[in-house]
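There are 4 protein chains.
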Amino acid sequence: MAGSNFGTLFKLTSFGESHGIALGGVIDGMPANIEIDFEAIQLELDRRRPGQSDLVSPRKEKDVVEFLSGFFDGKSTGTPIGFIIKNDDQHSKDYENIKDSFRPSHADYTYAEKYGIRDYRGGGRSSARETVARVVAGALAKQVLNHLDIRFSTYVCQVGSISLEQLGFYPKELIEASLVRCPNESSANSMIQLIEQTRSEGDTIGGVIACCVENVPAGIGEPVFDKLHAELGKAMLSINAVKGFEIGSGFAAAAMKGSEHNDLFNADGSTKSNHSGGIQGGISNGMPIQFKVAFKPVASILQNQEMLTNDGALKASEIKGRHDACVVPRAVPIVEAMAAMVILDFYLRNKSVHL
Amino acid sequence: MAGSNFGTLFKLTSFGESHGIALGGVIDGMPANIEIDFEAIQLELDRRRPGQSDLVSPRKEKDVVEFLSGFFDGKSTGTPIGFIIKNDDQHSKDYENIKDSFRPSHADYTYAEKYGIRDYRGGGRSSARETVARVVAGALAKQVLNHLDIRFSTYVCQVGSISLEQLGFYPKELIEASLVRCPNESSANSMIQLIEQTRSEGDTIGGVIACCVENVPAGIGEPVFDKLHAELGKAMLSINAVKGFEIGSGFAAAAMKGSEHNDLFNADGSTKSNHSGGIQGGISNGMPIQFKVAFKPVASILQNQEMLTNDGALKASEIKGRHDACVVPRAVPIVEAMAAMVILDFYLRNKSVHL
Amino acid sequence: MAGSNFGTLFKLTSFGESHGIALGGVIDGMPANIEIDFEAIQLELDRRRPGQSDLVSPRKEKDVVEFLSGFFDGKSTGTPIGFIIKNDDQHSKDYENIKDSFRPSHADYTYAEKYGIRDYRGGGRSSARETVARVVAGALAKQVLNHLDIRFSTYVCQVGSISLEQLGFYPKELIEASLVRCPNESSANSMIQLIEQTRSEGDTIGGVIACCVENVPAGIGEPVFDKLHAELGKAMLSINAVKGFEIGSGFAAAAMKGSEHNDLFNADGSTKSNHSGGIQGGISNGMPIQFKVAFKPVASILQNQEMLTNDGALKASEIKGRHDACVVPRAVPIVEAMAAMVILDFYLRNKSVHL
Amino acid sequence: MAGSNFGTLFKLTSFGESHGIALGGVIDGMPANIEIDFEAIQLELDRRRPGQSDLVSPRKEKDVVEFLSGFFDGKSTGTPIGFIIKNDDQHSKDYENIKDSFRPSHADYTYAEKYGIRDYRGGGRSSARETVARVVAGALAKQVLNHLDIRFSTYVCQVGSISLEQLGFYPKELIEASLVRCPNESSANSMIQLIEQTRSEGDTIGGVIACCVENVPAGIGEPVFDKLHAELGKAMLSINAVKGFEIGSGFAAAAMKGSEHNDLFNADGSTKSNHSGGIQGGISNGMPIQFKVAFKPVASILQNQEMLTNDGALKASEIKGRHDACVVPRAVPIVEAMAAMVILDFYLRNKSVHL
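Chains A, B, C and D, in that order, are what the protein sequence lines are.
Position in the first sequence counted from 1, then plus 75, gives you my numbering.
Position in the second sequence counted from 1, then plus 75, gives you my numbering.
Position in the third sequence counted from 1, then plus 75, gives you my numbering.
Position in the fourth sequence counted from 1, then plus 75, gives you my numbering.
The hints are simulated quantities; they were obtained by calculation from the structure and are not laboratory data.
There may be inaccurate statements among the hints.
Because identical chains share one entry, a pair is satisfied inside a single copy or across any pair of copies.
[Claimed, not checked] Okay, derived cross-link-like pairs now, DSSO-like style, lysine-lysine, Cα gap no bigger than 27 Å in a straight line:
no.: 1; residue 1: LYS174; residue 2: LYS347
no.: 2; residue 1: LYS161; residue 2: LYS137
no.: 3; residue 1: LYS150; residue 2: LYS426
no.: 4; residue 1: LYS150; residue 2: LYS174
no.: 5; residue 1: LYS150; residue 2: LYS161
no.: 6; residue 1: LYS390; residue 2: LYS247
no.: 7; residue 1: LYS332; residue 2: LYS347
no.: 8; residue 1: LYS390; residue 2: LYS332
no.: 9; residue 1: LYS247; residue 2: LYS150
no.: 10; residue 1: LYS390; residue 2: LYS347
no.: 11; residue 1: LYS135; residue 2: LYS332
no.: 12; residue 1: LYS426; residue 2: LYS174
no.: 13; residue 1: LYS390; residue 2: LYS174
no.: 14; residue 1: LYS150; residue 2: LYS168
no.: 15; residue 1: LYS332; residue 2: LYS174
no.: 16; residue 1: LYS168; residue 2: LYS390
no.: 17; residue 1: LYS347; residue 2: LYS161
Computed from a prediction, not measured in an experiment: that's the story for all the values here.
Same shape as in the complex, but just chain A (with noise of 0.2 Å):
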């Protein structure tokens, strides 16, 4: 209930602070006798790390995870799987002036009233780098989704005003080949720019990544309350930094005639367009599942911004700490393990449907 748990049949349970000891989690519900391939997720978290390339945090975490159960010769066993990523840059000293102050647009404030104590150093338990337990449980899932060939494309389509004309699944490799992880050359340029320009004035940028994932077979996803796509948007909403999320047509079908909105079928259950984004109901049909998410510049700003006191005074402090200027290209991994682990839990979940 403490909302440290995320899944049903497939469910990470995450624990740790940004300048504690170490992050890590619990993964309980992985199918056994899975071959696993540990480089890969140490990969996932490579592309999440901070001082991966010159855009982003230079904080200097390796991320290492280690695995403490769960795997013996080499496969899944069933069981919980525990594994902790430690903190090893810590620069607790950064956050000393806000000890007893809360900086604007972060959850300092929400803690202090929610708890009546709160870890200050990095933000604590609110820090964004609570998502490398998201990362290892989402490449686990991935791995298992490999062998029913789900497969996921995610990418940033949106760097402030400049955008990404055509959505659809881009292959990985384009993706990674631009720092900023937009599959576009020309439109990542542009955003590589922006970014640069913003952090030159000490300001952060917004941004929208946008999902694809193919092959997920029609029939995934409970009705009513546990609707696929509304998993899907709880669980990008859960992710620090959003305050969008689309399925599909998204705000866009608002304007549009149910004439022109209706997907029409291929005799083969296809549909001729996909303003669904792959599910109706709740439930997926086949088609490409397709979401996008909307994320706020960073809090954090290299600029002079009055903080609150805890009593009350206002108080003209510089943010200290090391910030992305645009946090959407790091937070690219972990739309992806948040999608992953929601498709496997739905996969699973639709087991018990028939005897």
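Place chains B, C and D on chain A using the hints.
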């Protein structure tokens, strides 16, 4: 796991098909000893009811809720509340023609793929008629939240491309004064005109609903996976026809800079702007909670569109039945009901943070 | 969280008070496309019903179940099954005298302490009448398990100090041939005599029920916290008046040595003895699952016992109402229903172990 | 669903195998701002530790708990508590001989049937070594309950056929003064003698643990499925080697009459007897909560017993490893830990009954 439950401490379990004997549900976790205004619950159902005005579906359901348990001497006892709403206007014959066919952009095909059997009458369980149970539970939640002075303002802010400029907390009287539940008279009139025009063409149109919740105390919401806005997002995306969700700045945040997006504090802990939508790090900050929900146009259009048959043929066939040309006016009480359930649930969850 | 749900993938949510309008529930997670024998469900309710013989409570409930959803053309659709059982023999006046008093060893006092309000008529929600919903859900679970050849033998093995020597799998005919549901005729006769004697004294007597489940495949059950026998234990202890649970050797194991208690293997994986009761490490081993459930004597005796009043006085008062002198004969179908729900739930849970 | 979680609002998720790198867990829902006595937690682990006396397994685990998150300045922050206990005395070679065989009355066979793969070293996940995580979580729960003056007395009340006559609340000093954790010196001595005798024969012996919890306020527990004693029963039955559970009068109730079993009230709401074991209708009544837990003899005996091989042969083979001749002395802190977790969880759940 089959997705008929919503909530954790305040939990609704619902059942029922569009053309079955009755719909209903069980509400578990209702706080004890709360005096109930049963008429107010029926009024909420009346707001959702078809046939309430010329603008909406002429299906003639009275939608009378019968409570079977959970109350004594007009007060809640803390035990589960069972309730039913009988179906009495079942034009099941209207659906004979889709017995072996799948309507485009309905859930006919996905239910058949998932279950291998479906109640085709009126969409069965996939019908939006299911939302009556949500409205009942939401009405009870609102009565509880009234004791905490938590108040809701939910209204239509867009139909087609006509949209309300100014969002905020509008009084219920203004909203209910309009057939389309838009608090601005001139926008409302344009929306009504557009809906009527669309209906005359046998077509349908999408829309957007805004919700603003005042007086939610700071500190409500769980960090990490069960962020307050993540659960609100799931709640909204679980409503039929919803394609998008935005909290606070939403997708507009993607094009903003940190220096403009950050909500600077006042000395009392409130903020000068509210791009966050009342939630930071998944936890309420005491500012109004503001979100928007996008609805696609109703799939049942009165135009000829090809359906797919069970045996893989495409067949031209007009959809019968009594449908809305625009779903948003009647969806207002549903959005509000889901919001109330989420807020109450998280309010109760928060009680265990401190001994 | 308020405890009105049971199960995870096959889940019952129940509601209703002894003297309210109706009891009922929602069954979520029923596998789809299962042909249902509705008469068989009613027969299970008849086995639990008061007034079925001279031996039990003369309360005259017909206990007819009405299904409101979840079936189509006589088959389960996979969507939630709503059902109600109306109360029609409500002698609420019988309970006027306990309006402001607490009967000894009933839940009157604890409900008042917990909720600050209680429906005193017939014990309200605390009445064993609540178990009708369990019997309905269990009857459905048994029909599903029939397809897997999983079979139950549930019977009375002790009343007072009269006990059945030999436990095992007795045929249903033998069990149902006896008013007391004990498959051994001579033990049954002694038990009946004891119950009648006890009733004539205005007193009540306890008893024990044994349950044996055959053909549960090896591998069902979850390790660690959700061991199969742990969940069976919880299921049984949740039934009114239950004070103890034993799996296999039970408390007798405490006095045994490992060399006698260990179940040695046969070459086919079966075991020469079954002290384990068919479960090792929380997981079924393919042997019959065997457990016993102890029931206390019914608290409602027709003798004068002091009650406690709301304002802290002790008041001599005879309990009215129509009560059983021994609860175990009617509890047999309840024990079996709970066992069936647990086994089906864990059978379904096991499906996600392998991709 | 895979059973590695326990609790709802105060929730433990555990992981780890007997001979893996580490065991550990995540505790979610710890109330915030509680000052922690870390030494007291380690002391609880020491009570469970093998090698603590001549009477128990000589396995030399130091069992040092390392906390990775959830605390700040010595207080709980309300965020999840991650912790690990490293395995350092891994005699994995001891288990080479069971690599392809199943020991009688162990979980080797059932794990193989369920997962198709197993970590055979020391029983892997099925080892009672898993309970270290429970002891850590229980120690934290007890520290929280201390603030409410809720106190535990847990002790051995039976070994083989030697049993303690008088149950009740014994002071911790008396219990811990005895190697066998039985508070009566003469019984304790007989038990110790019996255990040593049994060990000298290469055999093992069962036992019973009693637990008494004082000062639980009236009103804790959920009616119907989540009765307080039902969840206590599940908690106890989930501990390795447990075969039976009794609340209050337990199986003895079966032979009692209502007139003797009923607990008559005193004017202050307490009762003259406590056959109910402190719980009526699933809800605490303010009297001491009393229950008993039966443990089977340890299956690992140092005598020759046939094992079953993977390929269906029976093979005579002595079990190696370092085992207890009687498990109950070391199980005392485990029983107490699980009881504390349940009581705290239900205490927190009860907070949402009233607004």
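Checked hints:
no.: 1; hint: LYS174 / LYS347; result: between (57 Å within a copy, 23 Å between copies)
no.: 2; hint: LYS161 / LYS137; result: both (9 Å within a copy, 23 Å between copies)
no.: 3; hint: LYS150 / LYS426; result: both (22 Å within a copy, 19 Å between copies)
no.: 4; hint: LYS150 / LYS174; result: between (45 Å within a copy, 16 Å between copies)
no.: 5; hint: LYS150 / LYS161; result: both (24 Å within a copy, 21 Å between copies)
no.: 6; hint: LYS390 / LYS247; result: neither (46 Å within a copy, 39 Å between copies)
no.: 7; hint: LYS332 / LYS347; result: within (17 Å within a copy, 38 Å between copies)
no.: 8; hint: LYS390 / LYS332; result: between (51 Å within a copy, 22 Å between copies)
no.: 9; hint: LYS247 / LYS150; result: within (26 Å within a copy, 45 Å between copies)
no.: 10; hint: LYS390 / LYS347; result: between (58 Å within a copy, 15 Å between copies)
no.: 11; hint: LYS135 / LYS332; result: between (51 Å within a copy, 25 Å between copies)
no.: 12; hint: LYS426 / LYS174; result: between (49 Å within a copy, 26 Å between copies)
no.: 13; hint: LYS390 / LYS174; result: within (13 Å within a copy, 61 Å between copies)
no.: 14; hint: LYS150 / LYS168; result: between (42 Å within a copy, 20 Å between copies)
no.: 15; hint: LYS332 / LYS174; result: between (53 Å within a copy, 26 Å between copies)
no.: 16; hint: LYS168 / LYS390; result: within (19 Å within a copy, 64 Å between copies)
no.: 17; hint: LYS347 / LYS161; result: neither (49 Å within a copy, 38 Å between copies)
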